[in-house]
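Student: Residue numbers (the numbering used here), protein chains in the order written: chain A, 1 to 415; chain B, 1001 to 1415; chain C, 2001 to 2376; chain D, 3001 to 3376.
Misleading hints may appear alongside valid ones.
[Stated by the list, open to error] Calculated lysine to aspartate or glutamate pairs in the DMTMM-like style (CA-CA distance at most 20 Å, straight line):
#: 1; chain 1: A; residue 1: K270; chain 2: D; residue 2: D3368
#: 2; chain 1: A; residue 1: K403; chain 2: B; residue 2: D1404
#: 3; chain 1: D; residue 1: K3046; chain 2: D; residue 2: E3023
Derived from the structure by calculation, the hints contain no laboratory data.
Since we're looking at a predicted model, the values are computed, not measured.
The primary structure of each chain is shown beneath.
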Amino acid sequence: MNFDDTPEEAAFRARARTWIQQNAPHELAEELGQEGAARLTLKSVDPMTAARAWQKKKSDAGWATPHWPKEYGGADLSPIERVIWSQEEGVFASLSAPFFIGHGMCGPTLMAWGSDEDKKDRLPRLSSGEENWCQMFSEPAAGSDLAAVRTRAIRDGDDWVVNGQKIWTSYAHEADWGLLIARTDPTLPKHRGLTMFFLDMRSPGVVVQPIRQISDETEFNEIFLSDVRIPDAQRLGNIGQGWEVALTTLMNERASLATGAATGFGVALKFCSELEIALGKLAIDDSRVRSRLATFAIRDSGLRFTAFRNISALSRGERPGPESSISKLVWASTMQDVARFGMDLQGEAGLLDDSEQPSADGGFHGMLMRGAGMRIAGGTDEVMRNIIAERVLGLPADMRADKDVPFDQVPTSAR
Amino acid sequence: MNFDDTPEEAAFRARARTWIQQNAPHELAEELGQEGAARLTLKSVDPMTAARAWQKKKSDAGWATPHWPKEYGGADLSPIERVIWSQEEGVFASLSAPFFIGHGMCGPTLMAWGSDEDKKDRLPRLSSGEENWCQMFSEPAAGSDLAAVRTRAIRDGDDWVVNGQKIWTSYAHEADWGLLIARTDPTLPKHRGLTMFFLDMRSPGVVVQPIRQISDETEFNEIFLSDVRIPDAQRLGNIGQGWEVALTTLMNERASLATGAATGFGVALKFCSELEIALGKLAIDDSRVRSRLATFAIRDSGLRFTAFRNISALSRGERPGPESSISKLVWASTMQDVARFGMDLQGEAGLLDDSEQPSADGGFHGMLMRGAGMRIAGGTDEVMRNIIAERVLGLPADMRADKDVPFDQVPTSAR
Amino acid sequence: MQFQFSEEQNELRNIIQRFLEKECPISATRSVMDSAAGHDAALWQKIGANGFLAAAIPEEFGGAGSGYLELCVVAEECGRALAAVPTVSTVYQAAELLQLAGSHAQKAKWLPQIAAGEAIGAIALQEGIGEMIPERVTAHVRGGKLSGGKSPVADGLEADFAIVMARDEAGGHSLFLADLRNEGVERTFIKTIDPSRKHAKLHFAETSVEPLGESGQGWRLLQQVRDRAAVLTAFEQVGGADRALRMARDYAMERYAFGRPIASFQAIKHTLADSYVANELARSNAYYGAWALSVGSDKLPIAAAGARVAATQAFQLASANNIQVHGGMGFTWEFDCHLFYRRSNFLALTLGGPALWESRLIERLHADMREGEKMI
Amino acid sequence: MQFQFSEEQNELRNIIQRFLEKECPISATRSVMDSAAGHDAALWQKIGANGFLAAAIPEEFGGAGSGYLELCVVAEECGRALAAVPTVSTVYQAAELLQLAGSHAQKAKWLPQIAAGEAIGAIALQEGIGEMIPERVTAHVRGGKLSGGKSPVADGLEADFAIVMARDEAGGHSLFLADLRNEGVERTFIKTIDPSRKHAKLHFAETSVEPLGESGQGWRLLQQVRDRAAVLTAFEQVGGADRALRMARDYAMERYAFGRPIASFQAIKHTLADSYVANELARSNAYYGAWALSVGSDKLPIAAAGARVAATQAFQLASANNIQVHGGMGFTWEFDCHLFYRRSNFLALTLGGPALWESRLIERLHADMREGEKMI
């Protein structure tokens, strides 16, 4: 076992490091280091301007969209090179948050299912950050049950007319294009009556509305679609093949190889090493504190080292297993636990948002809210456990009430 | 709120107390106070002899089977009187452990479904302890799925011939009679092809074999039935009505109103108040210890006070709710947690069965094993949560794969 | 044995429930959240006018003199309604301190106002981060004038008076009653995890105060009253936990996925069953607290700590599970789940957090065990 | 980065697995349980003869000198097989102490025997209940003679030698090597939670011993070696946890209730998923320990404590869940579930329990943070 690069990896790392050293917006480094939410929230500069600038710079130098082929503006890196690149990009990777969905999911879907013309026209602009994409799959009544899409697309000449509502769409307000799954035949069973499209987000009838989260952040949007016309040429795949196309998109949801999933443990450790819980007694010296922290510690390090195991597999040319599905399940609930623990340490003052010592309050309130949200976003704890049970452990799927039932006859709350 | 008896209750309590004072085998009190397992395990005297003697004494004085009508030897007490009786009987109630199933479940079933003659012949002897009964419902492949009975009864003239295997039968080796559910028609759906019988446990073909548990105790038995003949006159209810009869039995499973469900907290508190975990530092003064103990404490007191709430409902003439279903779920898992906690406190010595200070080792090993077993016996944690979800919270039943399917076509592991 | 509320008390509960359903929909609490107000002043006045705050205040001082059990019922229903009112500070603590240690004049002045919902009393103990211990008290009184800072002070923003822990001239820890309309009081708004319950930082500069209770007895008095407040707050938590569970249940029955109500999935069923178990344990422990409070039992310190620990666990669990069962909707600001989640974490720290009460509970049970006493 | 075992190491794993499948079925462990033996002597000799114990012992002393990573592989497979062998005492501790502090003669005498599976070495530290601290050591050596009691001593029943913590003539805490065939040694059998791994109480009455390492360094040496042992034991735990999860999974797939495999119920699926998550976290933490051990990193103290805490949690959970998933069968003596449950709770306390290692982990992470160092 070792943490060393192979000579090829070391050479690549040196090249990446040099370029980043010379080109990254270092003046933003500190602020970027404090980014917590999925949405870029810089204050010193306009976030989108900074994001586009960094993307353009990377694109010009051939570093953009590391996993894409060169013909579409990508860097065509090997899996392990991508990991090294992302390690070296470090905090600056946050600047790519607005393009996360576009580059990670929409682009690859277009590559797999789009026409040559669409690919040539759209992908390089998406890679360089000139254009951005969003993804419209989830609906208010299609969350964990993602295929229960009710947004309706009806053929009208060369167009489709779309009505419905989508939700949980990141960066919809900054997107030029969007992937959209809609139901084109409600008389077929759930997965079979769906079709995939892409549309101009400025089309008439598209209304984007931000969602205020319990953390008081707005990372997501609702999208209302009223008689939106989409040319049939913007259909991806055949009519009724939408679920198959969607699976391409979802499989490209970048496996979490981040080595720094934020459980909050590091913050808590530091906090406890400074907080006096009794006169002359630091929290860190208390046995209850140590016991709680220890469990947070091994979850935190466990996730980091699990990521290292995955990177090693990549380095050896293997595909990392579905083991990465444990990551979000662990860190989201750990963050929630850490938050309650950190607040409790402060006694009654723990309920203050703006404490006497603001620098020392640990930011636990934010964790409390974000942890609760992250236990749901991107797949609830329950869905993640099902995924582990079924895909990793090979256990049977849940019994299905909607199997082979025409979608318009599947029981719903509306009836 | 008060813990006081009404005048009627107080008078009844005085009467019960006086009689017990004058008649109970006080010389066994200390030993009975240490009983942990469901099976009576006295060492100073033969347990069955002591049990029968106490039962006979109660029967002669009219205190036996408090919930039975007088005509069958019962005391015909009101629900609250039964609670008072059991509080006053105290440790001596353990002496009735061998009759628990017979009095609590078999007797009431016979009362509801037996012929006048059977009732007159059998019930008074069961009440007085002259005879005992056991209950044969569970099978190796019918545990949580209790109706998946495979033991087969085939009609042969005036008899039924029974083959199969039963399991988890308490006191089968001490029983004169047994309730038996068997499948008489495997082509009907699961619940419909069952019939209930009672049989002489000394019938040819009945073999009782004790089951060794992980706690190294043997509270239960397996029973092998080979060509056992049961007269049709010993059928309870109609052919095919067995599940309905079984529900009578199960509904009579005495609601747990015990005020002393043993979570192990009391033992742990005492243990921590005596154990030095560092020089001059008692465990009880350690913050980690206190935090863990506090959660055990509120579970322990919570169960005790929940029982008081149920008793109050009885006292007011109300039926206690299904709330009592939380009891076993809480105390079994708490006991397992307490055990691991108590062992850990002792450092490496915690793994010793026979420690340097045997009186002070807390008996945590026994709790570790018994806790694991009790999370399963009498309904697994999972079954108990389902019961709470469905019967208390009114949530829907699980989806059923075996609904309306002929029993012999229900998928099983054997196929 | 009557280890439950009486029929009369349950009738009172029905009355309060009907009142709060009308006067305190969630939208009322949301209005407080979105405003600069620290509490729902209109609701507070109405609750007072209806006599709901007067249960444990003697008739002599404008109260109903009915007793603590009635006040427990009020607390549970306020918790269920998520009412944004200063019960914990004013009714469970200030009124109790006045009764326990106040002079006749002090009682006569403030208790009738509290009973009528016309005055708010804050408790000013904490001086910043960390569990409050005697050594951390720096506020002091010289010649009847109080100086020093106190933060956080629940309901300090709009309180009429405060009961302040300070060092007196003899160096003892004593309580003082400060009319906050006196000179030298500066109040600063502070946000909390629950925006419907804002706090304040109070700064006293030579503010005129009067002693409350004997010199040097401040700590003892406060602790006695905090035990009472712990029981009453536990009922608020139990009420909130019960409502959060019901919300989750109702949503799970109504929300469909994969062609069936999500309430039919074991993952959801068992999550709700776990909430139910925690809630029942909390309720039963709270009842023991109510009994101890109502009869003035010397078991109150144990009962209060047990009620507090169990209720905090239950409400935190039920409110987190409520968000989880609601899925994506649960983490929108628009849905009400987070209000219960915020309130649960707010109440968990009011009166000191779980670690403090856990430690107290065991300390007290241990002392009791050494005395070889029985639970009742 | 190669944060995983190499192909050669995995090949070794296959060899050991095949060996143990043949030589160490569960019935072998059950035989030890049912006998008076403290371990499986036949298996131990065969493991030794195959060179599996020799990985981390230098060739000079009869070892293979291949390294700690190979030993981690051996440990994981022994854990998976539930082998009743004295690895923790003899290989992870005694051999390591000899290497760390033994004289050439001591090494030359004992290491080759350990490598070959021909000698068992016990560590005699504990003197009764409670975490072992220097103040609790009463065993002492005068004029080369050891007197005092030690209990529990893992594998003390059949050990050939023991390394004993005792006070030397200067009053320092030192280690001594006692040939247990010397006079004055009395051994008493003690049952443990895992009947396949019995312990002993050793009583020394003027037993001849020789010093191991420098005077006064006993505590430091032992702690160093316990960190190494913690990593290796974590691999035994990870192996056991993995097997317990597989057992539960296989049973759940094969057992039907309500017309479907119980593995299709979410309650079971999620229970197994939780075990899987804990096992993965434990495995990853154990790998970090293996790396630190193999390169002699100064991060070993942190890595060892992390590996230990995670592995203990995982094995305890997986083995308890295994019983639970097996239902009624799971709590019969006949089924093997309880063997894993017993072993998990046995290994949890070997080398000191969870509370001790949790505290150490945070103490060490804190020290590291103050030094501002990075993880690797």
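Student: Run the structure past the numbered hints and jot down the numbers of the failing ones, going up.
Tutor: As far as the earlier hints go, not one is violated by this structure.
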